[in-house]
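Fit chain F to the supplied structure of chain X, relying on the hints for placement.
So the sequence lines, in the order shown, correspond to chains X and F.
FYI, my numbering numbers position 147 of the first sequence as 147, with every residue one higher than the one before it.
FYI, my numbering numbers position 205 of the second sequence as 205, with every residue one higher than the one before it.
Think of the hints as simulated: they come from the structure by calculation, not from any bench.
Some clues are possibly wrong.
What the hints assert, rightly or not - Now the stretches of chain F that chain X is said to cover, found in silico as 3 or more residues with beta-carbon under 8 Å:
1) 186-196
2) 217-224
3) 242-251
4) 277-287
Stated by the list, open to error - A short, non-exhaustive set of chain X residues, derived as facing chain F with CB atoms under 10 Å:
5) I125
6) V188
7) P192
8) S196
9) F220
10) G228
11) L249
12) Q276
13) S279
Note that the coordinates shown come from a computational prediction; the quantities given were computed from them, not determined experimentally.
C-beta: ideal position from N, C-alpha, C; glycine also.
Take a look at the letters that make up each chain.
Number of protein chains: 2
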Amino acid sequence: MQAVKKLVLLGTGLISGSFALALKRARLVEHVVGVGRNLDNLQRALDLNVVDAISDDAAHAVVGADLVFIGTPVGQMGALMQKIAPHLSRDCIVTDGGSTKQDVAALYQAYLPQQLAYCVPGHPIAGSDLSGAAAAQFGLYEGRRVVLTPLPESDAVVIEQVRNWWLACGAQVYQMSALAHDEIFSSVSHVPHLLSFAYMNSVLDRYNAAECLDFAASGFRDFTRIAGSHPDMWRDIALANQSAILNDLRANMQQLQSLIELVESSDGIALTNYIQRASLARIEWGKPLKGKK
Amino acid sequence: MQAVKKLVLLGTGLISGSFALALKRARLVEHVVGVGRNLDNLQRALDLNVVDAISDDAAHAVVGADLVFIGTPVGQMGALMQKIAPHLSRDCIVTDGGSTKQDVAALYQAYLPQQLAYCVPGHPIAGSDLSGAAAAQFGLYEGRRVVLTPLPESDAVVIEQVRNWWLACGAQVYQMSALAHDEIFSSVSHVPHLLSFAYMNSVLDRYNAAECLDFAASGFRDFTRIAGSHPDMWRDIALANQSAILNDLRANMQQLQSLIELVESSDGIALTNYIQRASLARIEWGKPLKGKK
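Same shape as in the complex, but just chain X (with noise of 0.2 Å):
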């Protein structure tokens, strides 16, 4: 397998850290530039050995990269782009972590259209609570997935290049449309934060709010666990998925008014079967090594 020279991370956080330290587990990276606007986030992943250079600028550092793994937010990676597209070396391969695929391909074709060859969409899959550089951790993507959304113009050979990297970090790599990325990914992940975002909300607007946050208990705590991630990030998403995210976000609204009429109807057997039906699935879903995932 090839290894990496001189990968550059736009963006040293948890995942693209954790990306750099699995290859340097793997021996397969030998010199990893970490670029970003937190000096104090990128001095520490330079202390933990994340990182093995800082810098603030990307367009200087990824001059004679091989490898670059843009590791922001979605919001912020037409900009870098743009900035590092006349420093990047012909033949670079640049791929990146974004929870969305369909905008950042756009991005990609808008801003690095001589370099598609070389362009490599992905989507690790390891959310966290944890982020920043000192999260980041060399067994992050053992057992995780990775799913790869090409490019029309995405060399083969550099697909399965960037493939083999994330098998080197222990990961199951699959591949498939952004399109189908953005689908599904909407309904199992955009989608459950959005709604808790939204029941989160409605809490707060009872009269007794901080009554019935004193007495919430564990089903809450897990509920709304999501409710509490970065709003930038979910920001970005919404905006970016949001023709994938309308479509399911609506289908709950038409699920919701069933349910209250479910409830208004006091069909006991009707809403026996309806929580079943929920509770056989999630139960029968949890069961192999996924809720592990």
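Just chain F now, kept in the frame of chain X:
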């Protein structure tokens, strides 16, 4: 503090069994009888010394008891009260662990009219995925909350007695009206469960449900953990606390409608503010020991 000579558990499971074990540890109970319909479960309770005797006959079991704890789903409580009414000692205290309280209060009024001074409805807040007598544990109520919702007829001395038993179990004891209880728990327990069922069913309705579930990860796992809850128990709760739940579900529909409009508007700042409100509140909620409840 007054010790219990004969405690009868109607329904021998996690909630009632842990109450019995905690009282045993505090040396506040002499003899515990477990009543239930599942003989395997009763035998396990006996083997594990959660109870000292077992019975499948509630009416016979309560004879001579000075404390009865009704630990069944709310839907079974009325029939049990009716069954035991003629066999209770005049001063036998009756309490329960039901998750809804207005409907349980009505059951006490309907089926135990002679006993009301000695009846103190309660709700120990100790949700768990586990159930059954085998899951009962001495320390389940350590630091947990127990809400008592006395009847207008409940005797002050009796209320104090029940409160002291719970305190001896390590619980924090609160007192409020059944109405206030039901509104609070609709908002932070019942409705999250129903929303989680509805969300799960909306995923199951997708043409690509299997593929979506295959890529679901930790956010989905936590958001839907409560969707795996017991259908009969949650049907009972949905029907028992129908009015508060319908109010809250409708408020959540409104909230979802606002969120859809917000996503449609592509207004990044408003969307950030919306998410931030939820996120800050959730982070604040998780700060103290509450997350451990």
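Cross-check of the supplied hints:
Note: the region 186-196 of chain F has 9 residues with beta-carbon separation from chain X under 8 Å; the three-residue rule is met and the coverage holds. Counting residues of the region 217-224 of chain F whose C-beta sits closer than 8 Å to any C-beta of chain X gives 8, which meets the bar of three, so the coverage hint holds. Under the rule that three or more residues need a Cβ within less than 8 Å of chain X, the assignment of the region 242-251 of chain F holds, with 7 such residues. For a cut-off of 8 Å, the count of residues in the region 277-287 of chain F with a CB near a CB of chain X stands at 8, and the three-residue condition holds.
Given the 10 Å rule on beta carbons, the hint for I125(X) holds: about 5 Å separates it from the nearest Cβ of chain F. Using the Cβ-Cβ criterion of 10 Å, the hint placing V188(X) at the interface with chain F is satisfied: the shortest such distance is roughly 4 Å. Of the supplied interface hints, the one on P192(X) holds, with its beta-carbon coming within about 4 Å of a beta-carbon of chain F, less than 10 Å. Given the 10 Å rule on beta carbons, the hint for S196(X) holds: about 6 Å separates it from the nearest Cβ of chain F.
The beta carbon of F220(X) comes within 5 Å of a beta carbon in chain F, closer than 10 Å, and the hint placing it at the interface holds. Given the 10 Å rule on beta carbons, the hint for G228(X) holds: about 4 Å separates it from the nearest Cβ of chain F. Annotation: interface hint on L249(X) holds; nearest CB of chain F at approximately 5 Å, less than 10 Å. Look at Q276(X): its Cβ gets to within about 4 Å of chain F, closer than 10 Å, so that hint holds up.
Annotation: interface hint on S279(X) holds; nearest CB of chain F at approximately 5 Å, less than 10 Å.
Consistency with the previously given hints is maintained throughout, with no hint failing.
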